[in-house]
Amino acid sequence: MKPLSVIVTSICDVFAWFMIVFGVYVINNGHNTPGGGFQGGAIVATFLSFMLVAYGGKRFFAWARAGVYGFLEFVGLAAFFVFGCFGFPRSFFFNSLAIPLGGQVLSEWIPYCGTISLMNVAVGFEVVGALSLVVIEMYESIHMIDTGAGMGGERGHDRFDR
Amino acid sequence: MNLSDHLPAFLVMIPLLGAFLTPLAASFGKTVRSVFFVLFMSLILLTGISICASTFGGNILVYVMGAENFSLTLPSGMSYPVRILFEIDAAGALMILCVAIAAFAGALFSVAYMDRFSGWKRFMALYFLLSAGALGMCATGDLFNFFVFVEVSSIASFGLVAFWRDKPEAIEAGFKYMLVSQIAAMLLLIAIGTLYGKYNAVNMGALSSMMRYGTLERIVLAILISVLAFKCGAFPIHTWMPDAYAETPSGVTCLLVTVSQASFYGLIRVCFSLFPGIAGGGMVAWILIVLGCMSMFFGVLMAVVQHEIKRLMGYHSISQVGYMLLAMGVGLLALGNGEKMAEYGLTAMKGGLFHVMNYSFYKALLFLCAGALYYATGTRDLDKMGGLARNMPWTAGMFVIAASAISGLPPFNGFMSKWMIYESSFAVHPILPAVAMITSVLTLASFAKVFQAAFLGPAKADFVAVREVPAFMLAGMAVLTVMTLLLTLFPGWFTGNLFEKAAEALLNQRGYIDAVLGGM
Numbered sequence: 013m014k015p016l017s018v019i020v021t022s023i024c025d026v027f028a029w030f031m032i033v034f035g036v037y038v039i040n041n042g043h044n045t046p047g048g049g050f051q052g053g054a055i056v057a058t059f060l061s062f063m064l065v066a067y068g069g070k071r072f073f074a075w076a077r078a079g080v081y082g083f084l085e086f087v088g089l090a091a092f093f094v095f096g097c098f099g100f101p102r103s104f105f106f107n108s109l110a111i112p113l114g115g116q117v118l119s120e121w122i123p124y125c126g127t128i129s130l131m132n133v134a135v136g137f138e139v140v141g142a143l144s145l146v147v148i149e150m151y152e153s154i155h156m157i158d159t160g161a162g163m164g165g166e167r168g169h170d171r172f173d174r
Numbered sequence: 131m132n133l134s135d136h137l138p139a140f141l142v143m144i145p146l147l148g149a150f151l152t153p154l155a156a157s158f159g160k161t162v163r164s165v166f167f168v169l170f171m172s173l174i175l176l177t178g179i180s181i182c183a184s185t186f187g188g189n190i191l192v193y194v195m196g197a198e199n200f201s202l203t204l205p206s207g208m209s210y211p212v213r214i215l216f217e218i219d220a221a222g223a224l225m226i227l228c229v230a231i232a233a234f235a236g237a238l239f240s241v242a243y244m245d246r247f248s249g250w251k252r253f254m255a256l257y258f259l260l261s262a263g264a265l266g267m268c269a270t271g272d273l274f275n276f277f278v279f280v281e282v283s284s285i286a287s288f289g290l291v292a293f294w295r296d297k298p299e300a301i302e303a304g305f306k307y308m309l310v311s312q313i314a315a316m317l318l319l320i321a322i323g324t325l326y327g328k329y330n331a332v333n334m335g336a337l338s339s340m341m342r343y344g345t346l347e348r349i350v351l352a353i354l355i356s357v358l359a360f361k362c363g364a365f366p367i368h369t370w371m372p373d374a375y376a377e378t379p380s381g382v383t384c385l386l387v388t389v390s391q392a393s394f395y396g397l398i399r400v401c402f403s404l405f406p407g408i409a410g411g412g413m414v415a416w417i418l419i420v421l422g423c424m425s426m427f428f429g430v431l432m433a434v435v436q437h438e439i440k441r442l443m444g445y446h447s448i449s450q451v452g453y454m455l456l457a458m459g460v461g462l463l464a465l466g467n468g469e470k471m472a473e474y475g476l477t478a479m480k481g482g483l484f485h486v487m488n489y490s491f492y493k494a495l496l497f498l499c500a501g502a503l504y505y506a507t508g509t510r511d512l513d514k515m516g517g518l519a520r521n522m523p524w525t526a527g528m529f530v531i532a533a534s535a536i537s538g539l540p541p542f543n544g545f546m547s548k549w550m551i552y553e554s555s556f557a558v559h560p561i562l563p564a565v566a567m568i569t570s571v572l573t574l575a576s577f578a579k580v581f582q583a584a585f586l587g588p589a590k591a592d593f594v595a596v597r598e599v600p601a602f603m604l605a606g607m608a609v610l611t612v613m614t615l616l617l618t619l620f621p622g623w624f625t626g627n628l629f630e631k632a633a634e635a636l637l638n639q640r641g642y643i644d645a646v647l648g649g650m
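Residue numbers (our numbering), protein chains in the order written: chain A, 13 to 174; chain B, 131 to 650.
Heads up, a few of these hints could be off.
[Stated by the list, open to error] Distance ranges between label pairs, derived from CB positions:
| no. | chain 1 | residue 1 | chain 2 | residue 2 | range |
| --- | --- | --- | --- | --- | --- |
| 1 | B | 349 | A | 29 | 45 to 53 angstroms |
| 2 | B | 435 | A | 20 | 53 to 61 angstroms |
| 3 | A | 19 | B | 198 | 51 to 59 angstroms |
| 4 | B | 189 | A | 154 | 51 to 59 angstroms |
| 5 | B | 437 | A | 20 | 25 to 33 angstroms |
| 6 | A | 87 | B | 299 | 35 to 43 angstroms |
| 7 | B | 184 | A | 13 | 43 to 51 angstroms |
| 8 | B | 346 | A | 43 | 29 to 37 angstroms |
| 9 | A | 68 | B | 184 | 58 to 66 angstroms |
| 10 | A | 154 | B | 579 | 41 to 49 angstroms |
In short, the hints are calculated from the structure, not lab data.
All C-beta atoms, glycine included, are put in the ideal place defined by N, C-alpha and C.
Input sequences plus hints: build the corresponding full structure.
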């Protein structure tokens, strides 16, 4: 995939970063407005697609660190699970951090909606990681077919030692 | 915190945590990865057994996620539940036990079987997700979450069916399964959405208490039966099953067998608990009976001509599902009529549920034996195998037990459940047990062919150096062999304590509703 014109790359320089900021807003504000972890995460994950379309494969691979996105995915899922466990001993997923109406605010660091917003952030991490990995995998497959590199070789879990 | 109160939550939490931690565990090397895999599957098994024990006395376990108290089904004065709710009675617990044991055996087997391949992270994560989906389907008390768990298990299955992505057949099987499964899932969602649109609820207990049997409900029931019959592999919408079972790694096929049974559980739950007024006593019961007979007969007919061992077993799965559909159809026919229920309905249901458990163990064992043969010889073609009993005596022995059980040979467990189905279906029409018996004879012929082709005869030159499979694979097979033998040796205990209780739970619609609505 080749880079597009200067006009496209210039707009991408602004717009791709805007999508990250907007996505983070949607994730963080998911308990008040439409949106949340999944929607915001999907918006943030468009960053990688923008880079691919505008700058082509070379610049894309400079950003596409599968390990980083895999780590984001893992952290998001693990955090989601841990926040769910905050509900014990009442029940799994019980919103134990929520501040009841008229209740005393213990710390400004605890959001008034409790674990909901924390879970939104966790899901956001997960979705950013997972969707970015999907884009990377898809582009790597196209790249492999276009160039012939790796075709017929053993990749992934195709090894059979017998 | 009393851990036993939260058992239903642990049932889904443990496999999900396993899936999430897999990337971490898999990065510490082979030993840690294997210990982690087996340890988590053991915890799932332990939870499954504990849940089953908790429902022994006819108890119904209810668990509400996110509620102030796990048993608070109706928060803030609401008239029906709104949260994620698990409701496990004896029937659900029976299915959970089947899934948990098969998942444990498949995991033990896979530790050695998958050692030759890379991609362990993906394999383990998908295996855990598949287990979570199947267990959730058996535990959930509401229709929308049933759909969610169906999707969780389906998506994990797509990846596992196409796991050997260098094989075009695996990709084709995965794609075929994905296509038809997604159509089914959308239909399922439409049916659930229709009920939600009319009744403002998706909880099965609440829906059941409000249900009015009109045309719309009949259409919804028709969609639900079609979709769930497809998911459990009934004829004529069975085409995904042989392909998917053949191409999936054997440890996963072992679990997929019980995943299809979870769909079967969904089917009977819908018929007995949600729509008993339409499903009982009439046309729906006969549809299940006819579907059952056709699945039995055509499934086994297609199986006997196969030369590829896992495809052959895949077609036998269709045939075995037929027995269960026949049994539940007969049970439904007697629903609402106390005399008929006492005469043959309850026996049919007990026989059907007995067969569900038998099938989950002996069929899973047969798939593991097929996997062991593939592992040792590198082929699934029966025409190329021969004389392997000398080199693989343990595998041969366990295959004989499983094959005898599925063929309905006395005194094995398969014979007992089939006998209960023959006996009860004879009361409806003599042609029904006749079809079932012919199917059983053909099943015996088919597995005699497999045993002769793979294990007997002179040793093939290519397989002289073949040795018995590693200990972990044998251990996985041994778990299912022991379960098959326990069902053979103590059928009375299992029937009295598990299958009868499960059948009574399915018939107890009022109890299912009251556990959620509190006798409103």
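Structure-based check of all given hints:
no.: 1; hint: 349/B <-> 29/A: 45 to 53 angstroms; result: holds, 51 angstroms
no.: 2; hint: 435/B <-> 20/A: 53 to 61 angstroms; result: holds, 59 angstroms
no.: 3; hint: 19/A <-> 198/B: 51 to 59 angstroms; result: holds, 57 angstroms
no.: 4; hint: 189/B <-> 154/A: 51 to 59 angstroms; result: holds, 55 angstroms
no.: 5; hint: 437/B <-> 20/A: 25 to 33 angstroms; result: violated, 57 angstroms
no.: 6; hint: 87/A <-> 299/B: 35 to 43 angstroms; result: holds, 37 angstroms
no.: 7; hint: 184/B <-> 13/A: 43 to 51 angstroms; result: violated, 57 angstroms
no.: 8; hint: 346/B <-> 43/A: 29 to 37 angstroms; result: holds, 36 angstroms
no.: 9; hint: 68/A <-> 184/B: 58 to 66 angstroms; result: holds, 59 angstroms
no.: 10; hint: 154/A <-> 579/B: 41 to 49 angstroms; result: holds, 46 angstroms
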